[in-house]
Amino acid sequence: MRARALLLLLAAPALVSAATPRAPRIVSINPCLDAVLVRVADPAQIASISAYSQDARSSSIPLALARRFPANAGTAEEVVALRPDLVVAGGHVAPATVAALARLGVPLAQFAVPATVEESVAQVRDLAARVGHPGRGAALAARIEAAARPAHVTPLPALIFGAGGLVPGAGTLPDDLLTRAGFRNASAAYGLARWDVLPLEHLVAAPPRVLFSVAAAEGGGERAEHHPALRRLAPRLATVPFPARLMNCGGPTIVDAMTLLRGARTQFGEGR
1 MRARALLLLL AAPALVSAAT PRAPRIVSIN PCLDAVLVRV ADPAQIASIS AYSQDARSSS
61 IPLALARRFP ANAGTAEEVV ALRPDLVVAG GHVAPATVAA LARLGVPLAQ FAVPATVEES
121 VAQVRDLAAR VGHPGRGAAL AARIEAAARP AHVTPLPALI FGAGGLVPGA GTLPDDLLTR
181 AGFRNASAAY GLARWDVLPL EHLVAAPPRV LFSVAAAEGG GERAEHHPAL RRLAPRLATV
241 PFPARLMNCG GPTIVDAMTL LRGARTQFGE GR
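For the sequence shown, the working numbering gives the first residue as 1, with consecutive numbering after it.
Wrong hints could be hidden among the right ones.
[Unchecked claim] Each pair of labels, with its calculated beta carbon distance range:
1) Arg22 with Phe268: 49 to 57 Å
2) Pro235 with Val153: 16 to 24 Å
3) Ala102 with Ala205: 50 to 58 Å
4) Ala139 with Ala102: 47 to 55 Å
5) Ala102 with Thr154: 35 to 43 Å
6) Ala44 with Pro155: 40 to 48 Å
No lab work stands behind these hints: they were computed from the structure.
Beta carbons: idealized from backbone N, C-alpha and C, even for Gly.
Model the full structure from these sequences, guided by the hints.
Given below as structure tokens:
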């Protein structure tokens with residue numbers, strides 16, 4: 001009897017280990033996925049994040065948080081050297097990286113750029129489940145859904161004006177966010193495609209009611225910000241600073257974007 005008890009005691013650690021698999025080690029090579037990963041995974045699981053997340057111009061997470069993790073440039077050599085259990089990436093990955101991961105049998109999970117809040121929420125839940133924390137994914141998804149609940153107000157014509165005049169049109173996540181916040185994306189009125197460039201002259205000729213400007217948020221010297229004709233439109237064209245990072249990613253970035261958009265819409269009251 002004593003011998004049997006001793007054997008069970010010695011075997012206990014192995015049994016516990018077998019019952020509790022090691023959490024997967026993750027490498028992310030996409031800054032938008034970094035923003036989700038740092039909120040749903042344990043820090044010890046994150047072997048590396050994208051170098052873009054450690055650049056203030058492109059990061060979607062606080063720099064102090066991003067700099068707690070090693071960064072990578074997404075090369076095959078870097079990723080393979082980290083020996084991850086899973087690599088998460090956007091829709092476009094270098095063929096050399098894909099081939100190297102396939103040779104080693106390392107799973108690659110690719111996530112397309114979401115075009116709607118619903119698609120982004122589904123990605124959050126998917127990524128959280130893959131890293132072993134579906135409950136955290138559900139909690140983050142609930143925060144995003146609450147932040148993006150549609151406003152019941154008269155839509156105001158608005159435009160998000162990015163660097164070089166880049167404008168997100170119909171079928172993009174920024175378009176969905178504008179609609180949910182109580183705006184009507186004016187992109188279609190200019191005949192723009194899904195992502196297109198709007199010449200300054202066209203903007204001046206037919207301005208929307210609200211211009212969400214990336215240049216205004218980042219202190220850029222965009223020509224549109226200093227054009228005399230645009231300044232003369234100030235009484236009927238409200239310019240609101242809009243950081244570029246809010247235009248590029250879904251996930252928790254949606255919460256920040258909706259806070260800004262709703263705050264701007266509130267200034268105009270219920271109607272126009």
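* **Hint numbers contradicted by this structure** => Violated hints: 4 and 5; rest satisfied.
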